[in-house]
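**Student:** Top to bottom, those sequences are chains Z and L. Heads up: the first sequence runs through residues 1311 to 1549, numbered per my numbering. Heads up: the second sequence runs through residues 589 to 1431, numbered per my numbering.
By construction, these hints were calculated from the structure, which means they are not laboratory data. Please note that a few of the clues may not be correct.
[What the hints assert, rightly or not] Negatives, chain Z to chain L, calculated, CB over 12 Å: (1) Pro1452; (2) Lys1454; (3) Thr1467.
[Stated by the list, open to error] Covered stretches of chain L (chain Z as the covering partner; in silico rule of three or more C-beta atoms under 8 Å from a C-beta of chain Z): (4) 1267 to 1275; (5) 1295 to 1309.
Every residue, glycine too, gets a C-beta built ideally from N, C-alpha and C.
Letter by letter, the chains look like this.
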Amino acid sequence: MSSGGRILLVDDEPQILRALAINLKALGYQIETAQSGEEALQKAATNRPDAVILDLGLPGIDGVDVIRGLRGWSDVPILVLTVREGERDKILALDAGADDYVTKPFGMGELLARLRAALRRAAPDDSGAPVISTPHFTIDLPAKRVLDADNSEVRLTPTEWGIVEVLVRNHGKLVSQTQLLHEVWGPQYGEETNYLRVFMAQVRRKLEPQPGAPRYFITEPGMGYRFELPEPEQVVLSG
Amino acid sequence: MSSGKLRVFLGAAPGVGKTYAMLEEGHRLRDLGRDVVIAYVEPHARTDTIGMIGDLEAVPRRQIEYRGSTFEEMDLDAVLRRAPQVALVDELAHTNIPGSPKVKRWQDVEALLDAGIDVMSTLNIQHLESLNDVVFEITDITQGETIPDEVVRRASEIELVDLTQEGIRERMASGKIYSAERIDAALGNYFRPGNLGALRELALSWTADRVDEAVANYRNLHGIESQWETKERVVVAMAGAVGGDDIVRRAARLAMRSRADLLGVFVRPTEGLTDDTSDALATQIQLLQSLGGKYHEVVGDDVAQSLIAFAKGENATQLVLGATRRSRLQELMGGSPVARVVRQAGDIDIHVISYEGARPKRSRPQSRQLLSPARRISSWVFAILGPPLITWALLSWFDAPLHNVLLVYLLAAVGAGVLGGALPAAITAISGFFLANWFVTPPVRSWTINSADNLFSLIAFLFVSLVVGLLVGLSSRRAAESRRARAQAEALASTAVGGHPVFGTDERGLVRRIRETFGLEAASVLRRDGDSWVTLAWDGDIVLDRPDKGSEVMDLTGGAVLVILDGQLTTDDRAVLRAFAAQIVQALEREELEREAGSAEAMAETDRLRTALLGAVSHDLRTPLATIKASVTSLLETGVEWTPDQTSAFLRAILEETERLDRLVGRLLDASRVQVGAVHVFFRPVGLDEVVGAALGGLGAARERVIVDIPESLPEIQTDPALLERAVANLIDNALIWSPSTESVRVSAGEIARRIDLRITDRGPGIPLDSRDAVFQPFQRLGDSPRSEGVGLGLAVSQGLLEAMGNELIIEDTPGGGTTMVIGFKLAGPVHIPDTLTTDSHV
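Model the full assembly from the supplied sequences, consistent with the hints where possible.
**Tutor:** Structure representation (C-alpha cells):
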C-alpha cells in the first residue's frame, strides 16, 4: 500500500537503523542512513530525501539543531524519535518545524502511520479519500456529512464539523491546539483550549463507540489532537 | 391553646447522629406515655437510623409531582389532623418542593407549634443564616438552604449533638454517612478534618452564645447589673524556692476551678541570679507547663512592684504568692513583699500560700545587692553604738592606757569596714577619736589635750583607722562583686552545657532569654544573605529583620549578627550580652553541624535504597528478558518447523514482555529522578480529562474496570501533562491491583474551593492510618500484592512526581472500605499556550 520514496534515517543506534531499514525497504522505500547530525545535514543536502526520520538524542549536533538546519532551506517532512522523558525536546522539535513525533520504544505500525501522514502533507494530491469509512461511522468530506454504522446521518454542529474536518484532512497527523483553533474559530483565537476540550467531548459522544476510551479522536494532552484511522494491515517485524 | 415547644437537635455536619438522637428521645417520650409520631424522618439509607425508627408511628408522607418526578414531603394537614402531642420533623432547614403548601419546612413546623404540638427537629449548623458567610469561608460551599436564626432561637431547647471530627471521619470511612459513589470532590473536601473541626467549633460556640444569651436574659430579668468577669486569669509568682511546687499546683487548681488562664511569672533581679534555686525553678516551670500554664520572666529588683505590674499588664484577676521567707529583721527594714503586693494590688485578688520552704534562712548571703541590707544595717548599728559601748566597757572594768584604747577602736573601725564598707568604718574611727579625747586623754571630760604625745597619738589613730577602714571596706565590696561575677559565669556555663530548662540552647530560646533578661523591646539574630538579611530567630513585639531597625548590632559569626532594640545597657550588661552572643554562635554552629550530619544520614539512606533497588530490580528485569530470549532463540532455531500459530504466540510473548520491560524501566527512571531530585517540570495548561484519558490509554484490558467521571467543562490546570499522566497511571494501576477483580476503580474530579480534586477510589483492603507514610516509600508493599508488577515503586513515583509539580497526594478512606487517593490542584491562572506549540508554519 506504500508508494515508495526516499527516506533519510538518522539515529546513532545501529540496531534501530537496521530494524527500520529492513521494514521500510520491505515496504518499497529507498533508505539512506546517517549516524550523526552533521552526516544527516550533509546527506539531506546531497540526496534530497522525501522524508526524514530523526532521533533527537544524537551525538554532536543536537537533533533540534538538525531540524533548524534543514528548515533553513527545505520543507521536507520530518518525523522525530524521542524518549518518554524527552517532553521538552519533543516540544522544542515541533517548534523548530518537525511534523510529528514517535516515542521510543515504538511499534512499527505506529511509526509507519506517522510517516505516511507526514508524506501525505508533502504530496497533498493523494490525501486521497474525501470519504473516510470506519466500522463505526463514515465521513464524507465533500458532502459535509457524517453517517453512522447504520447509514443514518449524525448531526454535527458547524463547529463540531469544523473540528472533524480539520482532523480528518490531517488524519494520522498531530494537529496542535493552536492550529485547530485558528482553522475552526479564526486566526484571532489561539488560547481558548477549553473550547476545544468541550467540543472534542461532544464529537466523541456522537462518533466514538466508547467516548471515554476514544479510538479515533485521540488527545495528546497539552499538545493537540490526532484523528487515528484503524490500519487495515498489521505490520509484523520479519527477519 | 398554648403553642407547642420546639426542640432542635443541632449538629456540626451530616452524620453526627442528630436524627438518631431525635428518634431516641422520641422513644423515651413515648415510653413515658406521650403521644409521639414521626411527621417526617429522612434516614438517608443509614442502617442505624432506620433501626432506630422501630415501632414509632409515622404519618404517611405527601406525594408531590414536580417536572415529571415524584417527591415526598411532610403532609402537614395529615399531621395536624392526627394531632399528636409530639411530632418529629427532620431537617428543619429543608426547602419544600414547589407546589407544597409552604415554601420552607420550618414554616410547616411553626404551623404545628401554633396548633399546640411539641416539635423535635434537626439542623446542621451550616444552614443558619447568620453563619452562611462563615460556613462559606470554611467550606467554600454556598448553602442554598438557610433558616432564619430567630426561628431556631425561639426554640425552647437547643441540644447540641456533638461528635469529634475523628468520629465523623470514622463513620464516613465505614460508609455510615454516604455511600462511596456519592463522595465527590466537594463532599470529600467538606469532610476534611480541618473543615469538620471548624464547623464543630462553630456549632459549639453558637450554642454557647445561646447559653450566654439565656444567662443575660436571666440577669436582666432579675436586675443583676455588676459585670461578671468573662475570662479569669491567674498569675502565680514563682520564687524558685524549694517547696514552691505546692504554690504552682494550688494556683493551677484555682485556675481550673474558675476556668482561668494560668500564668507563671518569675522576677529575675537585674544583676546576678538567685543563687541556689535554679533547679527548683526549672522543675516548677515544667510543672507549670504540664498544668497548662504559660511561663513568663520579668526583670526587676522590686519583686512586689514587678509582680503587680505584670499581673495588671496581663489583666490578671488573681495573684498567687508564696508566704515570704524573709527574716523578721528584713521585714522590719524593707517591708515584706507580700505586704507590699497586697497594698498595691488594687482589684486583683491576692492569695498567700504558706509552704514548706517558707522558713527564714539566716546564714545565706544575698548576692542580689552588693552588701545585703542586714549587713549594712548591722554595720551602721555597730558604727554608732560600738565605740561608746567599748569606751564604757574599757573605762568601767579596766584602766586602759590611751594607746590600748585606740587599738581597740582601730579594731572596731576595721570590723565596721568589713561589715558595711568605708563609711561605717570612718564613722567608727571619728567617734572613737572624740570619745578618746573626751573620756581618756587628760584632762578627761574636756576637749583640751595637754600632752603633745597624746595629741599625736589621737591624730595618728584617726588617720590610720580612716585609711584601714576605707581599704577594708573596698576589699569587702570587691569580694561581693567577685561573688556576683561568679554567679553570672555559673549561669552562663549552665546554659552552655545543659541548656536552660525552658529556653533550650537553640538560638530562638536564647534570643527570647536575652530579651526577657534585659527587658528589651525586641531582639533577633540575622544572617547576611547576599544583599538581604535572613531572620534566623527573633523575639519581641516587632521583627527586626534588618540590622538598621535595631538600636544596637553585635557581630556574631559567619555573617550573623545580633540586633536589639531599646537597649539601655550598662557596661556590665554588655559584657553579659556578649557572653550570650557567644552562646548563640555556638547554637548556630551546632545547628550547622547537625545539618551536615543529617545530610550524611540522608546519603546513607540513599545508599541503602540503591542496594535494595538493585536486588529488587534485577529480579524484575530478568523475568521478561528470560521470556524474550527464550522466544527469540526458539524462533531462530533452525531444526524445528514452527506453525504460524506457534510463531505468532512467540512473537506476542516477546511483545508483551517488551512492553512490561518498558513500563518497568520507565518507572525505575522516574524513581531515580525523584530520588535524586532531578525531575524537570514543564508546566502547561491542560484539561484533567485529557491527562486521565492518556493515562488510561496504557492500561489495555484493565481499562474496562475503570469508571471515569470528569466533566470536560472543568477548568484547565497548570501542570506537566506527561509527568501527571505517569503519576495518575501509577495510581490507577495500584488501585486496580488492590481492588477485587469484580469491583471497579472510580476516577472522578471536581472543582472546589478554587482548586480541583482528582479522586481515585478503590475498593481494596484500605490502608491503615499508621502505614500511610510507609506506602510512599520505594519497594513498599502492604503485605503481598495480589498481582505484582514493578517493584513497589508505583506510589513512591507518583508521590515524588506530584511533589515535584507542587501537588498534594492525600490518602483517604473509601466509605465502605478501600482507599481513595486525592490529588489536589490549584487552578491554572490565565491560560497561555507557549509559543513552542505554534506549528502553523508548516501546515
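**Student:** Confirm or reject each hint.
**Tutor:** For each hint, the structure was consulted:
1. Pro1452: The assertion about Pro1452(Z) holds, with a minimum of 21 Å to chain L.
2. Lys1454: Given a closest Cβ separation of 21 Å, the condition holds.
3. Thr1467: holds (15 Å)
4. 1267 to 1275: holds (count 6)
5. 1295 to 1309: holds (count 7)
Comparing the model with each numbered hint stated earlier shows that all of them hold.
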